[in-house]
Amino acid sequence: MLELTGLYAGYGDLEVLRDVSLTIGQGEIVGLLGANNAGKTTLVNCISRIIPWQRGVCKFEGRDISRLAPHEVTECGISQVPEGRQLFPAMTVWENLMMGGFPSKARAQRAKTIEYVFGLFPRLLERRTQFAGTLSGGEQQMLAIGRALMSGPQLLVLDEPSLGLSPRFVQTIFEAMAALHREGLTILLVEQNLNVALKNVQRCYVLERGEVAISGRAEDMRHDPAVRKAYLGN
Amino acid sequence: MDILLQAVIQGVLIGSTYGLIALSMGLIYSVSGITNFAHGDLMVLCMFGAYTLFAILGLDPYISILVIAPTIAITTFLLYKYLIQPISSQQLMVIQLTLGLMFVIQNLLLMAYGGNFQRVPSVLDGDVMVIGDFAVIQSSLFVSFVTTWVLAAILFWLLGRTDFGRGVRAVHQNARAAALVGVNVRRTQLIVVSLSAAILAVSASLLVSGRAIHPSEGLHYTVVALMPFVLGGMSNLLSILISGTIIGVAETVGNVYLNGPLGFAVPYIVFILILIFRPQGLFGARS
Amino acid sequence: MSKEISYAAARGLVAVLTVGVIVSAMPEYYSGIATKTLIFIGLAMAWNIVGGIGGQLSLGHSVFIGLGALLPAAMLLKLSVPLWVGIVCAAMISSLIGAGLSWLTFRFRLGHLYFALVTLAVGELGRIIVIGTEFLGGASGLLVQYKPRSVLGVQLSVATQSLIFALAFAALTIAVTYYLLQSKLGFRLRALKGNEDAAQAIGIDLLRSKTAAMVISAVLSSLGGSVFAQYNGFVDPEVVASPILIISIILFTAIGGVGTIWGPVLGVAILFPFGEVLRGILANSLPGLHLVIFGATLVAIIRLMPNGLVGWLKSKMRFLRERRLPRAVPRHASRSQEGL
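Chains Z, A and H, in that order, give the protein sequences. The first sequence runs 1 to 234 under this note's numbering. The second sequence runs 1 to 287 under this note's numbering. The third sequence runs 1 to 340 under this note's numbering.
A few of these clues could be false.
Each computed SDA-like pair below joins lysine to any residue, with the alpha-carbon atoms no more than 20 Å apart [claimed, not checked]:
1) A:81 with H:301
2) A:81 with H:296
3) A:81 with Z:69
4) A:81 with H:300
5) H:314 with A:87
6) H:314 with A:93
7) A:81 with Z:68
8) H:193 with A:93
9) A:81 with H:305
It should be emphasised that the hints constitute simulated quantities derived from the structure, not laboratory data. These figures come from a predicted structure and were not determined experimentally.
Let the sequences and hints guide you as you build the complete structure.
See the structure below:
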């Protein structure tokens with residue numbers, strides 16, 4: 001579904017990603033792991049074209065999305081739940097969700113999709129007139145995911161959804177993710193927590209200082225000492 | 001006492017237009033983080049547009065607005081798209097580019113129209129309205145007041161209740177997240193900027209009736225607009241409008257007590273005084 | 001350290017004398033432009049202390065320049081106070097206003113735009129007060145007749161006196177800037193400019209540093225205003241007290257390159273004479289056209305070289321030396337292929 005080849009990207013003179021390639025098949029849950037500053041968020045922002053990278057090729061469902069603007073990537077069917085949630089703080093839960101349904105294709109379906117999101121996260125229905133800035137961390141994460149779902153994506157990218165959340169909320173989030181996956185949604189999960197990630201994904205890539213150091217099936221990597229080294233190594 | 005009341009009423013009326021000019025500044029800022037220091041000069045450009053249309057076609061400024069608003073909207077659109085957006089990441093350089101623009105526009109006008117004051121006659125010239133037995137106000141000022149608040153109401157409805165308006169607010173609150181949910185940020189910014197320019201053109205037409213215009217007044221209007229802009233917290237549109245009223249009242253009341261040019265210093269002093277006690281503006285938030 | 005300074009001072013002195021000799025040898029029209037260029041260089045350097053080194057776009061410096069130009073003349077003409085007393089008074093009042101402005105805007109961290117807007121309002125207020133105050137010349141300005149003087153037996157024309165003052169002023173501002181950049185205050189200002197949070201975290205007092213920069217800048221700008229008044233003879237409030245003057249200076253500085261020491265010098269030295277020559281050529285056809293072309297040139301340069309001339313040159317040099325970063329991590333083959 002998503003094919004990234006030979007991506008080089010960075011900020012100004014600073015090269016952050018070097019020759020990164022990955023593929024995500026339809027219906028998979030793929031993990032993107034690595035220590036802090038390995039380049040995971042940069043990679044995800046490259047896929048969403050928030051970062052205007054020049055070198056490499058990215059194809060989604062056969063279509064070349066290497067030079068699109070961020071909003072066009074969303075219109076194609078890739079939706080990102082950004083690191084740190086990045087909600088619209090002075091808008092209500094409902095308004096944030098409505099914003100998620102901004103792309104023209106999604107607008108007609110908004111009423112139905114919002115019902116689906118409220119079904120997935122009943123807590124959000126309770127708080128629908130509350131300002132997003134006043135929600136708790138876990139509620140904000142649910143809202144961020146719900147907002148990303150509103151555009152009806154084929155590929156959902158989650159950047160560190162468990163960051164700063166209590167274990168109870170982490171469980172809720174990952175249960176919802178599993179439910180979405182069962183219904184056919186393809187997912188790319190960025191996670192810093194190695195154990196959590198390996199438990200929830202099928203395949204994964206490990207980034208180390210801007211390069212793909214290891215890739216393979218989650219099962220195989222659970223016992224591979226090289227994976228832990230990539231996390232702890234200098 | 002009567003004179004004071006008269007001045008206050010007049011100040012509220014003219015202040016609404018000042019607020020409108022500041023509002024257009026605030027709209028641009030809230031969606032793009034850019035402040036155009038040639039804002040006042042663009043307004044003077046509109047005023048002289050009205051003057052020219054009157055001189056050539058005899059059009060009343062309240063009519064010529066229909067031509068000027070779209071013209072200035074397109075001009076501003078082009079300015080932003082080709083001059084400002086490409087360097088928008090460097091705030092200081094954008095300010096300096098707009099300072100350069102101020103230079104260009106002011107001198108273009110001086111070249112074309114000379115260094116004298118001009119007047120644009122309008123259908124409401126000399127018309128006054130009498131309120132009860134305590135105030136006499138110029139009809140043109142009253143029209144300005146009503147137009148300002150009607151426009152503001154439409155704008156607030158647009159921002160609060162339509163998809164496009166929600167997109168604008170999203171860009172203001174978190175531009176990156178807005179891009180991620182599918183908002184074409186650049187295009188939204190350009191549309192809002194053009195809209196603001198049209199609003200600016202309306203302010204120009206409202207002010208031009210009964211006021212002498214001069215090509216080098218641009219900076220003065222920029223400053224008159226920036227005061228409510230800052231006092232209103234730079235992004236809160238309603239507070240900006242209300243702050244405009246305060247500045248207007250300061251000006252008219254100042255002119256009652258201080259004769260001559262010094263009367264016009266009062267709004268600036270009020271501005272500085274307010275900032276001493278509330279540096280973030282009347283309604284702004286401290287970072 | 002003092003050896004370095006005396007070496008630099010010696011070089012500076014030689015440069016000053018060279019420029020002085022060259023300019024006085026020019027025909028009067030050109031030496032006039034050169035003198036004015038030197039004054040503007042000095043004003044640009046003075047502004048640059050707040051604008052470039054401090055990183056804050058001040059649009060209110062016209063208050064200091066206007067005071068320096070008008071107050072001494074007013075005190076001479078209306079109170080018969082010697083000029084130098086007036087110049088000192090203007091400088092002192094400017095420093096107080098500068099300190100006040102700094103306090104008003106830097107007490108809380110309200111941002112660069114806020115500073116630019118508030119200083120612009122103050123600058124405009126200054127213009128209105130000047131025009132409305134008869135003592136300062138009102139709207140008509142003040143005229144001081146300068147006379148040729150004899151110093152050490154040498155007869156100095158008014159033009160030569162202006163040149164000497166202009167040279168001295170430009171040299172002073174460059175020297176102050178040079179010294180400032182080496183000093184602790186310069187370090188603190190650059191730290192604040194780079195990252196306000198980090199700088200404050202290591203104990204740099206933002207308000208104190210910015211105020212010091214503003215006061216130095218204000219005093220220098222006031223002196224510049226006095227020198228300008230001496231050069232012109234007639235002081236027009238719309239010129240000296242209006243923000244338009246300082247805005248043109250800012251534009252020259254921006255084009256030269258704001259944060260650098262030679263940026264303002266380069267920008268003014270190239271663009272100001274260009275503007276004057278343009279005026280000379282075009283003034284007869286359409287008055288004001290030269291300013292339009294001039295302004296359009298400025299806009300074009302800022303648009304195409306947003307880092308200024310100095311920044312543009314630097315990036316061209318960097319482009320010529322392309323470097324490749326070495327591989328940091330050897331690539332691992334995918335484990336699953338090895339059948340683990």
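To see whether the hints hold, each was checked on the structure:
1. A:81 with H:301: Holds, at roughly 17 Å.
2. A:81 with H:296: 17 Å, holds
3. A:81 with Z:69: Between residue 81 of chain A and residue 69 of chain Z the Cα gap is close to 16 Å, so the pair holds against 20 Å.
4. A:81 with H:300: Holds, at about 14 Å.
5. H:314 with A:87: 18 Å, holds
6. H:314 with A:93: 17 Å, holds
7. A:81 with Z:68: This hinted pair holds, its Cα atoms lying about 19 Å apart.
8. H:193 with A:93: 15 Å, holds
9. A:81 with H:305: Holds, at about 17 Å.
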